[in-house]
Amino acid sequence: MFGLASCFVERVCSPPKKKHNAMPTAIANYTQRVVDTSLSATQIQQALYFIDHFLGDIGQPLHVENYEVGGNDITATCAGTKTNLHATWDTGMIVQMVSATYAGSTTAWADALIADIKTGTYKSQAAGWISCSSVTEPLSRKRSIEDDIAGLLGARESAATVTPLACPQVWAAESNAYDCSNVFDYTNGTDLCTGTYFTTNIKVINLQIAKQGYRLAAWLNVLFDGAVSLP
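Just so you know, we're using the working numbering here: the sequence shown kicks off at 116 and counts up by one.
Worth double-checking, as some hints may not be accurate.
As the list claims (entries may be wrong) - Derived lysine to any residue pairs resembling SDA-like cross-links, with alpha carbons at most 25 Å apart:
1) K238 / A225
2) K318 / A194
3) K318 / A242
4) K197 / A218
5) K233 / I317
6) K238 / L228
7) K318 / Y217
8) K318 / A230
9) K318 / N187
10) K318 / C247
11) K238 / N297
12) K233 / S214
13) K318 / I229
14) K318 / M212
15) K238 / S259
16) K197 / V213
17) K197 / V184
18) K238 / V285
19) K233 / G171
20) K233 / E289
21) K318 / A225
22) K238 / L338
23) K238 / L331
24) K318 / T190
25) K197 / F299
26) K233 / K318
27) K197 / D300
28) K318 / A292
29) K238 / D167
30) K233 / T221
31) K197 / Y301
32) K238 / S220
33) K197 / I317
Think of the hints as simulated: they come from the structure by calculation, not from any bench.
Construct the entire structure; sequences and hints are all you get.
Below, the structure written as C-alpha coordinates:
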(Lines of atoms letter the chains of each structure in order from A; the text may use other names.)
(Lines give C-alpha, C1' and ligand atoms only; values in the text may rest on other atoms or scores of the structure.)
Protein backbone atom coordinates (compact mmCIF):
# COMPACT_ATOMS: atom_id res chain seq x y z
CA MET A 116 0.00 0.00 0.00
CA PHE A 117 1.02 3.60 -0.39
CA GLY A 118 2.58 5.21 2.66
CA LEU A 119 1.28 8.09 4.74
CA ALA A 120 0.98 11.57 3.28
CA SER A 121 4.40 13.11 2.94
CA CYS A 122 4.95 16.33 1.07
CA PHE A 123 3.40 17.93 -1.94
CA VAL A 124 5.22 18.80 -5.12
CA GLU A 125 2.79 21.23 -6.71
CA ARG A 126 -0.86 22.22 -6.76
CA VAL A 127 -3.44 20.03 -8.46
CA CYS A 128 -3.48 20.01 -12.28
CA SER A 129 0.03 21.46 -12.51
CA PRO A 130 3.27 19.52 -13.00
CA PRO A 131 5.87 19.56 -10.21
CA LYS A 132 8.16 22.58 -10.11
CA LYS A 133 11.47 23.08 -8.38
CA LYS A 134 10.06 25.40 -5.72
CA HIS A 135 8.00 22.51 -4.31
CA ASN A 136 10.42 19.63 -4.57
CA ALA A 137 10.60 18.32 -1.01
CA MET A 138 10.09 14.65 -1.84
CA PRO A 139 12.53 14.50 -4.80
CA THR A 140 15.11 16.31 -2.67
CA ALA A 141 14.52 13.88 0.19
CA ILE A 142 15.13 10.96 -2.18
CA ALA A 143 18.43 12.55 -3.23
CA ASN A 144 19.41 13.17 0.38
CA TYR A 145 18.76 9.61 1.53
CA THR A 146 20.38 8.16 -1.58
CA GLN A 147 23.57 9.94 -0.52
CA ARG A 148 23.23 8.85 3.09
CA VAL A 149 22.67 5.16 2.41
CA VAL A 150 26.21 4.82 0.99
CA ASP A 151 27.86 7.23 3.45
CA THR A 152 30.32 5.10 5.41
CA SER A 153 30.75 7.82 8.04
CA LEU A 154 27.20 7.16 9.26
CA SER A 155 26.21 4.53 11.79
CA ALA A 156 24.51 1.29 10.77
CA THR A 157 21.27 2.61 12.25
CA GLN A 158 21.47 5.83 10.22
CA ILE A 159 22.16 3.89 7.03
CA GLN A 160 19.24 1.57 7.75
CA GLN A 161 17.01 4.61 8.26
CA ALA A 162 18.20 6.08 4.96
CA LEU A 163 17.30 2.85 3.18
CA TYR A 164 13.87 2.90 4.80
CA PHE A 165 13.21 6.44 3.60
CA ILE A 166 14.35 5.68 0.03
CA ASP A 167 11.84 2.83 0.02
CA HIS A 168 9.16 5.03 1.57
CA PHE A 169 9.55 8.08 -0.67
CA LEU A 170 10.02 6.20 -3.95
CA GLY A 171 6.77 4.41 -3.15
CA ASP A 172 4.96 7.56 -2.06
CA ILE A 173 5.79 9.49 -5.19
CA GLY A 174 3.58 7.14 -7.22
CA GLN A 175 0.42 8.10 -5.30
CA PRO A 176 -1.23 11.02 -7.14
CA LEU A 177 -2.41 12.69 -3.93
CA HIS A 178 1.13 12.71 -2.55
CA VAL A 179 2.22 15.06 -5.33
CA GLU A 180 -0.42 17.78 -5.16
CA ASN A 181 -1.46 20.15 -2.41
CA TYR A 182 -5.14 20.87 -3.04
CA GLU A 183 -7.01 20.40 0.26
CA VAL A 184 -3.83 19.00 1.86
CA GLY A 185 -3.46 16.25 -0.70
CA GLY A 186 -7.13 15.33 -0.46
CA ASN A 187 -7.02 14.81 3.30
CA ASP A 188 -9.56 17.61 3.78
CA ILE A 189 -11.99 16.24 1.18
CA THR A 190 -14.71 14.06 2.69
CA ALA A 191 -15.33 10.82 0.81
CA THR A 192 -17.19 7.55 1.23
CA CYS A 193 -15.49 4.19 0.70
CA ALA A 194 -17.46 0.95 1.01
CA GLY A 195 -20.12 2.71 3.07
CA THR A 196 -17.65 4.28 5.50
CA LYS A 197 -17.06 8.02 5.78
CA THR A 198 -13.39 8.83 5.24
CA ASN A 199 -11.38 11.26 3.10
CA LEU A 200 -10.16 11.18 -0.48
CA HIS A 201 -6.52 10.69 0.46
CA ALA A 202 -7.27 7.66 2.63
CA THR A 203 -9.48 6.24 -0.11
CA TRP A 204 -6.52 6.25 -2.48
CA ASP A 205 -3.93 5.28 0.12
CA THR A 206 -5.73 2.25 1.52
CA GLY A 207 -9.50 2.19 0.99
CA MET A 208 -9.71 0.99 -2.60
CA ILE A 209 -6.73 -1.29 -2.08
CA VAL A 210 -8.36 -3.03 0.89
CA GLN A 211 -11.53 -3.57 -1.15
CA MET A 212 -9.58 -5.01 -4.09
CA VAL A 213 -7.33 -7.27 -2.01
CA SER A 214 -10.32 -8.59 -0.07
CA ALA A 215 -12.40 -9.31 -3.17
CA THR A 216 -9.67 -10.58 -5.49
CA TYR A 217 -6.97 -12.08 -3.27
CA ALA A 218 -8.93 -13.30 -0.23
CA GLY A 219 -7.36 -10.55 1.85
CA SER A 220 -3.78 -11.67 1.13
CA THR A 221 -1.38 -8.83 0.32
CA THR A 222 1.25 -11.48 -0.45
CA ALA A 223 -0.97 -12.94 -3.18
CA TRP A 224 -1.54 -9.43 -4.52
CA ALA A 225 2.20 -8.69 -4.60
CA ASP A 226 2.85 -12.01 -6.34
CA ALA A 227 0.25 -11.11 -8.97
CA LEU A 228 1.89 -7.73 -9.60
CA ILE A 229 5.29 -9.40 -9.96
CA ALA A 230 3.85 -11.90 -12.43
CA ASP A 231 2.26 -9.07 -14.42
CA ILE A 232 5.64 -7.32 -14.61
CA LYS A 233 7.57 -10.44 -15.62
CA THR A 234 5.18 -12.14 -18.00
CA GLY A 235 1.79 -10.45 -18.01
CA THR A 236 0.02 -7.13 -18.47
CA TYR A 237 3.02 -4.93 -17.70
CA LYS A 238 5.79 -6.92 -19.40
CA SER A 239 5.98 -4.68 -22.47
CA GLN A 240 5.79 -1.50 -20.37
CA ALA A 241 8.28 -2.17 -17.58
CA ALA A 242 11.45 -1.14 -19.42
CA GLY A 243 9.92 2.28 -20.05
CA TRP A 244 9.13 2.82 -16.38
CA ILE A 245 12.75 3.46 -15.52
CA SER A 246 13.17 6.24 -18.05
CA CYS A 247 13.71 9.60 -16.39
CA SER A 248 12.73 11.85 -19.25
CA SER A 249 9.54 13.40 -20.47
CA VAL A 250 8.42 12.14 -23.87
CA THR A 251 8.67 15.74 -25.07
CA GLU A 252 12.26 16.20 -23.89
CA PRO A 253 15.00 16.37 -26.55
CA LEU A 254 17.31 13.38 -26.82
CA SER A 255 20.30 15.44 -25.68
CA ARG A 256 18.65 16.05 -22.30
CA LYS A 257 17.41 12.53 -21.59
CA ARG A 258 18.49 11.08 -18.26
CA SER A 259 18.70 7.64 -16.69
CA ILE A 260 18.75 6.31 -13.15
CA GLU A 261 22.45 5.63 -13.64
CA ASP A 262 23.02 9.29 -14.61
CA ASP A 263 21.03 10.53 -11.62
CA ILE A 264 22.84 8.45 -9.03
CA ALA A 265 26.32 8.82 -10.55
CA GLY A 266 25.94 12.58 -10.73
CA LEU A 267 24.58 12.82 -7.21
CA LEU A 268 27.27 10.70 -5.58
CA GLY A 269 30.03 12.23 -7.67
CA ALA A 270 29.12 15.74 -6.53
CA ARG A 271 28.36 15.04 -2.89
CA GLU A 272 31.79 16.04 -1.59
CA SER A 273 31.62 19.53 -3.09
CA ALA A 274 27.89 20.26 -3.11
CA ALA A 275 26.67 22.69 -0.46
CA THR A 276 23.05 21.61 -0.88
CA VAL A 277 21.23 18.53 -2.09
CA THR A 278 19.31 19.12 -5.30
CA PRO A 279 16.38 17.03 -6.58
CA LEU A 280 17.08 14.40 -9.20
CA ALA A 281 15.64 14.12 -12.70
CA CYS A 282 14.00 10.72 -12.26
CA PRO A 283 11.84 11.49 -9.20
CA GLN A 284 10.82 14.83 -10.74
CA VAL A 285 9.59 13.09 -13.89
CA TRP A 286 7.85 10.34 -11.92
CA ALA A 287 6.14 12.90 -9.68
CA ALA A 288 4.84 14.79 -12.72
CA GLU A 289 3.56 11.50 -14.12
CA SER A 290 1.64 10.78 -10.91
CA ASN A 291 0.37 14.36 -10.69
CA ALA A 292 -1.26 14.01 -14.12
CA TYR A 293 -3.72 11.49 -12.68
CA ASP A 294 -5.14 14.06 -10.26
CA CYS A 295 -7.22 15.89 -12.85
CA SER A 296 -7.84 12.95 -15.17
CA ASN A 297 -8.84 10.43 -12.50
CA VAL A 298 -8.64 11.33 -8.81
CA PHE A 299 -10.99 14.32 -8.80
CA ASP A 300 -13.27 13.01 -11.55
CA TYR A 301 -16.25 11.85 -9.49
CA THR A 302 -19.74 12.89 -8.44
CA ASN A 303 -20.03 14.21 -4.90
CA GLY A 304 -21.85 11.88 -2.56
CA THR A 305 -21.05 8.68 -4.45
CA ASP A 306 -19.24 5.73 -2.88
CA LEU A 307 -15.78 5.80 -4.43
CA CYS A 308 -15.06 2.16 -3.61
CA THR A 309 -17.84 0.89 -5.85
CA GLY A 310 -18.89 1.33 -9.46
CA THR A 311 -16.99 2.87 -12.34
CA TYR A 312 -14.77 5.10 -10.20
CA PHE A 313 -13.45 2.06 -8.36
CA THR A 314 -13.02 -0.24 -11.36
CA THR A 315 -11.23 2.48 -13.33
CA ASN A 316 -8.94 3.73 -10.59
CA ILE A 317 -7.98 0.45 -8.97
CA LYS A 318 -6.24 -0.23 -12.29
CA VAL A 319 -4.35 3.06 -11.90
CA ILE A 320 -3.39 2.14 -8.33
CA ASN A 321 -2.13 -1.29 -9.36
CA LEU A 322 -0.15 0.24 -12.22
CA GLN A 323 1.40 2.93 -10.03
CA ILE A 324 2.40 0.47 -7.30
CA ALA A 325 3.89 -1.90 -9.87
CA LYS A 326 5.82 1.00 -11.40
CA GLN A 327 7.22 2.24 -8.13
CA GLY A 328 8.19 -1.24 -6.97
CA TYR A 329 10.06 -1.79 -10.23
CA ARG A 330 11.67 1.64 -10.02
CA LEU A 331 12.72 1.05 -6.43
CA ALA A 332 14.36 -2.24 -7.42
CA ALA A 333 16.20 -0.50 -10.27
CA TRP A 334 17.24 2.37 -7.99
CA LEU A 335 18.73 0.06 -5.38
CA ASN A 336 20.39 -2.14 -8.00
CA VAL A 337 22.14 0.89 -9.51
CA LEU A 338 23.05 2.25 -6.10
CA PHE A 339 24.61 -0.94 -4.78
CA ASP A 340 25.53 -2.91 -7.93
CA GLY A 341 26.07 -0.20 -10.53
CA ALA A 342 23.45 -1.34 -13.03
CA VAL A 343 19.66 -1.63 -13.33
CA SER A 344 19.86 -5.41 -13.95
CA LEU A 345 16.12 -5.93 -14.38
CA PRO A 346 14.20 -7.69 -17.16
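> What hint numbers does the structure not satisfy?
Replying inline: Of the numbered hints given earlier, the structure breaks none, since each of them holds.
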